[in-house]
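J.: The task is simple: from the sequences and hints, build the whole structure.
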Amino acid sequence: MGNTLSAAWSIARKDLAIEFRTRSAFFSAVIFALLGLVIFYFAWDPTAVSVTDLAPGVLWVIFTFSGLLGLHRSFGVESEDHAIDGLLASPISREAIFVGKAIANLIFVAAVQLVAIPALVVFYNLPLGRVAAPLIAIAVLAAIGLVAIGTLFSAMAVNTRLAELLLPMLSLPFFVPIVIAASQSTAKLLSGRPVAEVSAWLKLLVAFDIVFVAACTLAYPLTVDD
Amino acid sequence: MLYEALSPRENVAFAARLYGVRDARARVEASLQRMSMLDRADAPVRALSRGMQQRVSIARAMVHSPQLVLADEPYSGLDESGARALTVLLGELRSAGTAIILVTHNLAEGLSLATHAAVMQRGRFVRYDSADRVEAGSYSTLYREAVGSG
Numbered sequence: 012m013g014n015t016l017s018a019a020w021s022i023a024r025k026d027l028a029i030e031f032r033t034r035s036a037f038f039s040a041v042i043f044a045l046l047g048l049v050i051f052y053f054a055w056d057p058t059a060v061s062v063t064d065l066a067p068g069v070l071w072v073i074f075t076f077s078g079l080l081g082l083h084r085s086f087g088v089e090s091e092d093h094a095i096d097g098l099l100a101s102p103i104s105r106e107a108i109f110v111g112k113a114i115a116n117l118i119f120v121a122a123v124q125l126v127a128i129p130a131l132v133v134f135y136n137l138p139l140g141r142v143a144a145p146l147i148a149i150a151v152l153a154a155i156g157l158v159a160i161g162t163l164f165s166a167m168a169v170n171t172r173l174a175e176l177l178l179p180m181l182s183l184p185f186f187v188p189i190v191i192a193a194s195q196s197t198a199k200l201l202s203g204r205p206v207a208e209v210s211a212w213l214k215l216l217v218a219f220d221i222v223f224v225a226a227c228t229l230a231y232p233l234t235v236d237d
Numbered sequence: 101m102l103y104e105a106l107s108p109r110e111n112v113a114f115a116a117r118l119y120g121v122r123d124a125r126a127r128v129e130a131s132l133q134r135m136s137m138l139d140r141a142d143a144p145v146r147a148l149s150r151g152m153q154q155r156v157s158i159a160r161a162m163v164h165s166p167q168l169v170l171a172d173e174p175y176s177g178l179d180e181s182g183a184r185a186l187t188v189l190l191g192e193l194r195s196a197g198t199a200i201i202l203v204t205h206n207l208a209e210g211l212s213l214a215t216h217a218a219v220m221q222r223g224r225f226v227r228y229d230s231a232d233r234v235e236a237g238s239y240s241t242l243y244r245e246a247v248g249s250g
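If you read the sequences in order, they're chains A and B. Numbering-wise, this note's numbering puts 18 at position 7 of the first sequence, and it's gapless, one number per residue. Numbering-wise, this note's numbering puts 122 at position 22 of the second sequence, and it's gapless, one number per residue.
Note that these hints are calculated values from the structure, not bench results. Since the structure is predicted, the reported quantities are computational estimates derived from the model, not experimental observations. Ideal Cβ placement from N, Cα and C applies to all residues, glycine included.
Facing chain A, according to a computed beta carbon distance under 7 Å, are these residues of chain B, among others:
id: 1; residue: M101
id: 2; residue: L102
id: 3; residue: R117
id: 4; residue: L118
T.: Okay, here's the thing in structure tokens:
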């Protein structure tokens, strides 16, 4: 277990170092997120829809699609110069490769959220205050589930000719239950409902995370072994 | 199998971590030094020539002291000093008891290292000998005929 986590962390560090040098996926994701915020803001009629009704949908649409930009790149870097063969031939477990990729993707999505959530709060003048902590918990829980699914499908799609199309086609149906739970709980929090009222959605998110992380970690070796 | 955005040092260190190499830092430096890559160890791999990238690949492959080396055309893209460094490295590995399967069109380098030599044509060995029975001239002729006939 210790070796698996140590190898996973090495892979995550390597992926983050590559992203830090190139910054291609991060800037694409942040620009997409900010652009989405602006477009929704100007398309929004504040007399017809209140900000607390609009913001959760905007937030989760942005997270879902900006996250896909980073997830696509996750295994894309391994296809350059057949680097994935080097990983597969090394003595580390397949699970370590998946967990390492997932950790790097989680940090990537969290970094995008760090930019997008404050931007949303400022743009839409959201009364964040006391709901900040539970909102962060929802963002983290949802990100874990989205990343687990997206990392698995990124591995499956990377060697196909239509990888950029296939990744969202495969991932989005599995994202739906997570996004529903996340947007419902976000909406309740922003509309001033007590935190206890969203605990059922939070438990559901935790359950999704456990199921998806376990299932995707176990399924990953099947996508790379002949 | 290199990551172009990373430096040679980072690529080799990553391989060392994957293989759980002890005293990794020193082994990484030694591996890069063997391939004369220390002075370019921090440049991004994408900024290196093909020959230098080949040197980094070799340093990466050797950092964990493998017991078996499968080297498919390791001399391709290497300049003269790189080829010399590789020959020395392979010689040292052989002396240390490492099994090496070397596929090469560079007969002189190959025969200088080999304990056994073979010529393969269309997936079949047309000749196989121990090194002390190999006469370089006849091997070279057979090789040219084999390659020429495709």
